[in-house]
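Protein chains in written order, with our numbering: chain A, 1 to 208; chain B, 1 to 208; chain C, 1 to 208; chain D, 1 to 208.
Because the hints were derived from the structure by calculation, they are not lab data.
Because the structure is a prediction, the values reported are computed rather than measured.
Here a beta-carbon is modelled for each residue, glycine too, at the ideal position from N, C-alpha and C.
Cut-off 35 Å, straight-line C-alpha distance, at most; resulting in silico cross-link-like pairs (DSBU-like, lysine-lysine): (1) Lys-127(D) with Lys-55(D); (2) Lys-127(B) with Lys-93(A); (3) Lys-121(D) with Lys-121(A).
Over the 10 Å line for every Cβ pair with chain B, so calculated as not near, a few chain A residues: (4) Asp-57; (5) Lys-93; (6) Tyr-150; (7) Leu-161.
There are 4 protein chains.
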Amino acid sequence: MKTAGSIESHAELAEAGREFYRRGWVLGTSGNFSMLSSREPMRICITSSGVDKGKLDETGFLELDENAQIVQGFGSPSAETLLHLTVYRALPKVGSVLHTHSVWGVILSDVFLKGGAIEIKGYEMLKGLSGVTTHEHTEWVPIIENSQNYDALSAQIEALLHDNPGIHGFYLHRHGLYTWGDSVAEVRRHVEIFEFLFEVVGRALRTT
Amino acid sequence: MKTAGSIESHAELAEAGREFYRRGWVLGTSGNFSMLSSREPMRICITSSGVDKGKLDETGFLELDENAQIVQGFGSPSAETLLHLTVYRALPKVGSVLHTHSVWGVILSDVFLKGGAIEIKGYEMLKGLSGVTTHEHTEWVPIIENSQNYDALSAQIEALLHDNPGIHGFYLHRHGLYTWGDSVAEVRRHVEIFEFLFEVVGRALRTT
Amino acid sequence: MKTAGSIESHAELAEAGREFYRRGWVLGTSGNFSMLSSREPMRICITSSGVDKGKLDETGFLELDENAQIVQGFGSPSAETLLHLTVYRALPKVGSVLHTHSVWGVILSDVFLKGGAIEIKGYEMLKGLSGVTTHEHTEWVPIIENSQNYDALSAQIEALLHDNPGIHGFYLHRHGLYTWGDSVAEVRRHVEIFEFLFEVVGRALRTT
Amino acid sequence: MKTAGSIESHAELAEAGREFYRRGWVLGTSGNFSMLSSREPMRICITSSGVDKGKLDETGFLELDENAQIVQGFGSPSAETLLHLTVYRALPKVGSVLHTHSVWGVILSDVFLKGGAIEIKGYEMLKGLSGVTTHEHTEWVPIIENSQNYDALSAQIEALLHDNPGIHGFYLHRHGLYTWGDSVAEVRRHVEIFEFLFEVVGRALRTT
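Sequences are here, hints too, so could you generate the full structure?
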């Protein structure tokens, strides 16, 4: 496993945050970015609650243990920290988790709500998702009903990942995307791939 | 109350202006940004009329008293200064007021005109508005008929805020958004939240 | 009259070009920017043909006389230079002329072709056009059939401006906008105002 | 023929890559950029597989021979290298080939699939394509069914270019654009022209 918590990754995560802000995917202090510092015992590095992602630097992160208690850093963790921890526990190869809010993703989470997942198939860009080797692939992004009860959400997501370990992300309805990868570089690529494909699917559906 | 007129806030307001210009929300010298320097006696710092917001710095601001008379600085105040003063008088905790013009906001002010307000509900991003703690919230952004008579507009807005002290902004029809916060950081976040949600609602309504 | 040909204006024009490129209004070496150096005898400073506007600096300009002959500089003038000269001759207060190509403008020039002009009314942003003092204004942007015969086009535009001296611009069908002002700052503002309003009108018409 | 492999062109290609990334045309490590270093024997300089185009510099390129074997540089060539080599062999004046993935292009490759080509006609911007001298031109961008079998794709494209030597690009269905030019500057202009026109055609068709 990669030592995801290295100094290089830390700066990489902050840079991804500033860039995603510029593109409108983490406006208004929304979004959360994390990476795994250590798996045994579990330690994650995650953005503090309420940080402006356009100015994200190393002071915007906290180090937390498996119970979401602060090990290092100033500030308070977001309630959504629980969902990050759930992803790391459920998927043993994950080194970084990103959560973003975009216009097209939010719209598609409405459009595809009845079907239970955003369906994306037949695009070459799908090959940017880890392990996908052909455009003849169908990616399902499960849509989870949004809630302010993060304990309940965590349990729901734990079950989802147990049943669908091959998915690359899920969407909280009218809220935002969670996606992950073995490294910061990989999960950053996953965000770009999903956002590109959400825009293609959204515009093609005339939902604009 | 925060000392909104500190040197730090001043630079922060100019930076917000340059960034909002880059995003197309204050093109063509449109928009006005202000912050409270002192409440008793009332002193506000506000952009001069006709300033290019893409190059906004400390020379682009005037200090005015409660009657919109210049206390300090060169240039002339915009006619819209009266609306800023009205907001500060009506809402005692407000430290900064921003006025922006965006494509999606202008379109929604037409689409929702008959209902009297832009209605936004069910989105997680609503939690970026001060005091909103759940996505199960409905935000109403009242639409006010545009006018070149700013005295009349001020009276109308004073009444609006008296009756609806919990709103986070209002929209002048086919003109632009007024929103406010206790600090520059908060009102800047409010603009980003509203613009994100206007785009989501606009695209989802197929009004594009 | 302003001495539009001053060194400051020259740099301002190059900066406007780079910024408009960034926004996608002069892609692929399209667009032409000019300013008046002297009215008697007429001398204009104008971008050379084929220059990448993203890198525009003082080496990208030619000085021409009233017959479009080069007085100073290297390169060759665009065929569209004739239209710039026609505007300066027809409108005695004009100090700068900008020609841009945008997605929304091109689309509206199709949508409004039958009516002969892009019609824009009721928006506050119209006040950014020189001399307009209320949103209760209707701006007509005449649409001219595109042609590669610039002598014929010049004659047509001369007649247009003679009959409609109060317009702020015209549109060559499926080609681009011509707009002008007494200074570089004013015409730059006019481009921003028109592009903002084209996008609003275009999206509102569901032509997207 | 231009010495396309000069140091200046190399930096120019990297700069084009970073700029295209910024515009969203090569997200998620998608896209490939190449230029001819020598025609006899054939040597091309091409981006390595999996490179982030937002940070493209001279270390992101490989030099390959006519059989796609590495002559110089570290990394592995993309499978799509074969298509670049096919274009250089089929069209003797080509000095650079760019492959990009954009939202509007992907959508149009679906919309125009039955007709076999994206049809673009009547726009002034077409004059930005090499050799086009009037807006009264129809450009056909053939749509090729996407495949992971690049040998078969190469053969298909060789036949396409043999029969249609005057085209300026082709589109792999739901995948991306291939376009070329005698120099990096020319092909970069072709990408900008195509992307502008794809957006115009896409929005005008109401496929958004």
